[in-house]
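Go ahead and model the full structure; you've got the sequences and the hints to work with.
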Amino acid sequence: MTSAKSPKVSPPLAALVNTIKQLQQQEQIGGLIAPLVSFAQEALGMSFLWLGLYNEGSKQLIGQGGTTPLGDHPFLKQKLTLAAGSLLDQVLMNRKPISLPSLKEEPRLGELREAATRLGIEGTAIYPIVRHRQPLGILIIGSTTWGDTLRGDDLAHMSLLVSTLGPELERLTATKATKAVPEAKQAAAPTITSDDPIRHLLQEASRANSFGQRIEALLLAVHQFSQPQRTSLFWRDLEQPLYRRRSYTVGKPQGRESQRQPLAITQQELAGCYTAFASGQIVSVSDSQSVVSATAPLRLMQMLNCRALLATPILVGTDVVGFLTFERNEPYPWNDNEKKLLQVTAELLALAAPTERLEHLLAQTRHAQSLASELAQAICEEQDWRRVLHRAGEKLAADLGAQWVFLLTYNSLTQAFDVLFQYPAPRGRDRHPPFPPLPKMDWQLLETATTAIALEDYSNELRLYSWREVLSKLNIQSLLVATTTPGHSLEALLLAGRTEPTVWGKSQQTLVQEVARILGLISHQWQLQNTNTQQEQVRSAMLAGLRALQRTQNLERLEMTGLQQLMNLMQVPLVALVTWRPGQTVGSIVAPPPSHPKFAIRNDTEIAIYEDPLIHSALMASQADVSGNPYAWLIQTTAAELDPRTREWLSGPDMGQILAIALRTDPEYEPSGVLIVADRRDRLWSTLHLEAFITLVNHLAWAHRSTSLIQMLTQGWQTLETLNWYKHRRLEQVYGQLASLCNQLTQWVQQHPEADSLLRRLGTLLQTQLESLHPLLSHEVWQLDKATQTAGLAVVLKRVMDRIENWKQRKQLWIQVHNQPVLTLNGDLSKLELILYELLLFACQRSPSQGRIDIWCQQMEGMGQGGKMESWLELSITDNGEVEPQLLIKLHQLEHLDWLAPSSLDQPPGRHLKICCHLCQRLGYSLDMYKLEDGRFLSRLLIPLNNGDTGTFELQSSQPRQ
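Quick note, the sequence shown lines up with residues 1 to 962 if you use my numbering.
One should not assume that every hint holds.
As the list claims (entries may be wrong) - Here are the computed lysine-lysine pairs in the DSS-like style, where the Cα-Cα straight-line distance is at most 25 Å:
#1 440 - 473
#2 506 - 395
#3 914 - 890
Calculated directly from the structure, the hints in this document are not laboratory data. Quick caveat: nothing in here was measured; it's all calculated off a predicted structure.
And the structure:
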């Protein structure tokens, strides 16, 4: 067999190990200097070393000693003041070493540079001494050669040495503070005898006032009696699943002081020892290097750096709330008295454990209540809510040790979370950009949470993943998130973040949730205030727009006013109207000057309304039913999605979001235009603005239609008034001429008795016709008047038949009257004749050659309104002619007719039939026209009759039928 050879250790590494051992054996800070100087000179070849301790209060480095090329020098004990931003200050704050080619040429070193100049120091390395991220001092090594700095193994060895120097400085500083305790106080410590140690423990505990003081007294007493090297108390953390060393007592100072070791251990790390604790057993280890028991807490002993350990649990029932330990650095056989004393001490501590937990909970509750009360009072008293939020953020950050605090409000428009407040406050006026929208899973997680959600290491989290980019920029590694309305829909979130992974406690989660609930009042109030402000702005713009529309009667001015009011309402740079007259297929653009040149529109362009995609889409959408979707008529698109034909006139380069809606009051009426709204690419349309926009557009559509209709009817009225005046004056002129001729004829006939009888009869007929025109000229100049005439039904029908005789002969029509009753009519027979003539003329014009037209007469009786017997005369005309279906539809929808749209009722025969329908309504008649099942067309006129006292029937002279 060959024996294994021990690996050779390099001399520099051996020197490093030896130096570290020497450092660990020192009991004073001054004892560190000699090993450091020896290592720097012999292993590194450096002639300069200086060790300075950092005094945070005075912001100074206090020299502890070292060496120089000139030997001992006063500078080695000198104090160096750290100016803000100086090189030494940066080394301490950044906790990173630096190398300099020449110390005496560095301008940012001040006093140190002057000393380097005197001592001739060139190449230098400056190391910060840090423990638990706290700066303890600075170590400087250097040589007299320019650019001579550490490299390779020397650099690694020096880094290891400095990392060891930090714990040793911390240990020696703590030892120095312990020795500074007045000797009188130490002398007053009671001397413990072995007569009755348990009674002594009780006496010591009874002298203390608080639970913490009782613990310290018990530990000190049991430590003095048993004289281990250390006595430690581990207590279960109330916030986190681990046992934390709450207190310890040190006897004679050791080389590796236990304060440098980790101060907490988990249940899993205790392994079998925890099982023994749970069953109430004492765990005894005399030598960790020869232990074979499964209950030995080897991980704990490694953390405490001890070889002998005696540990006993602190039990409340079966719950291990902590454990108490004796520790020694060398093997030691624990005796029964020590075990008994340690166990009794643990039992005494167990008695007070519930009280300690209660005190802890009460302290947390009082703190949370104090903070909540302070915030609530600030909300009531402080008018500036931002100041309240700043105070809350400052206190919360201090309590949690958080570097960031955010209050986020949910924006339903963008679905993101806007930053209402952040601590520390941002530089300048710009707030932090919004936090991105949350996915459904995260949304439900926050919405259903009843307490703050803790993310201990965000880099390993999938929750709130959509915020990873935002939080990474802030270097947030752990955070607490709480909703201001737990268990309800999200309104706002409170976020507290730290720049390192953190195990958050339940009390911290409870505190954040309570603060979030209170700050939710401010957030909710701010949202209500913001909503009210927006609603008031929209309401004011709406009222201003409605008032402006009501005051405008001119169509062109109405269009421009409406566009300007819509621009004010929507706060957009461009609102335009593509409008056209009824029946046209080409529209023109009306638009006020844009507020920005990059939103310009080509006003001189003519647009084919049925060929332009955007206009056509808006017209098609205006036929949709809005009962289920109030935005059905609204087209929302972007400039990038527009057709090139639309972009030819809607050409502004900065246009992004586009709205389009037709000016249409009802799907039955024709639209009069399409309204276009354009804004920047990032514009989002809120529900409030869209609802107000649609409402004002509807009012504009009605105003536009009403003004157009009034304008059209006014023009028509003026035309008809002129025509009526012209025809009436011409009729008067002709009437006068005919009357003069009639008088001359009458005089000539009277002077010549031998005149032909036919000539006499023509004169009489001419006189009769002139007399019938007199009421028309005298009573119906500007309005219709009801005349009273008497004639038989047969006479009326005969006169009507005579007027259409020409059509009858031309088309060889067969016209027959059926069931003609013997009836005398008394009423406005001239208007009745005109109505019957128009109906017969309509039938003749449509009937084919050699066609047939039947006139059916029928007298009917029945119960009328009020239970009275009433009579009617029904005159029906049937023919076989074709009728345009659209004409019949228009005649049946006269009350809902779109007077602005082109129609078949605008020219004969539709125009004449429309007039007949209106005239029948004025006279109280009923006129219906429709097609029968056998294909014939029926025109039915129903005339109400009054049964007079004379036994004859006359035309009803009552109000028109409704």
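So, going through the hints one by one against the coordinates:
no., hint, result
1, 440 - 473, "holds, 24 Å"
2, 506 - 395, "holds, 18 Å"
3, 914 - 890, "holds, 9 Å"
Checked against the numbered hints given earlier, the structure satisfies every one of them.
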